[in-house]
Amino acid sequence: MSYQALLVAPDGDYITDYHFETKEEVLNRLANRGSEWFFYPFEFVVTDKMGRILEAPPELAFFKGKNVQTVIKTFKEAYKIAQEKVNKTGDDIDLFEYIDLVKNIFIVRRVNHD
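The numbers in the numbering used here rise by one with no breaks, and the one at position 38 of the sequence shown is 38.
Check each hint, because a few of them may be wrong.
[What the hints assert, rightly or not] Listed next, with one range per pair, are the computed distances between beta-carbon atoms:
hint, residue 1, residue 2, range
1, I15, A61, 14 to 24 Å
2, R52, D17, 11 to 21 Å
3, N104, G65, 14 to 24 Å
4, N28, K88, 35 to 45 Å
Because the hints were derived from the structure by calculation, they are not lab data.
Cβ atoms here follow ideal geometry from the backbone N, Cα and C, with glycine treated the same way.
Required output: the full structure, derived from the provided sequences and hints.
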């Protein structure tokens with residue numbers, strides 16, 4: 001089995017990169033990526049088949065074990081809500097507020113489906 005990085009933009013757009021034989025190799029490459037893929041700040045490790053999230057940043061750890069498409073859908077929904085807020089109020093949303101929005105959407109969706 002091999003692994004790769006899933007890099008997600010706030011709007012749910014994503015790319016995959018850094019294909020390696022171990023999760024540790026992918027994590028090491030992510031830790032040293034510098035400004036490469038700057039517009040894709042949310043980093044995950046997935047299998048080469050893009051099935052489930054294996055590793056996630058601490059603030060997004062609730063995505064571990066979840067289907068990649070669930071993660072992408074959650075980011076897209078959060079971005080839409082964030083854009084509506086910005087358009088309505090003119091206030092920007094900071095990173096922490098955005099992550100809270102992503103988390104809340106994920107939790108609500110989960111409660112409604114369980």
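Status of the given 14 to 24 Å range, CB of A61 versus CB of I15: Given range 14 to 24 Å: holds, Cβ gap about 22 Å.
Outcome of range test on Cβ distance (N104, G65; 14 to 24 Å): Holds, at about 19 Å.
Distance restraint evaluation - N28, K88, Cβ atoms, bounds 35 to 45 Å: Given about 42 Å between the Cβ atoms, the range holds.
Satisfaction of the hinted span 11 to 21 Å by the C-beta atoms belonging to R52 and D17: At 18 Å between Cβs, range holds.
Consistency note: the structure conflicts with none of the earlier hints.
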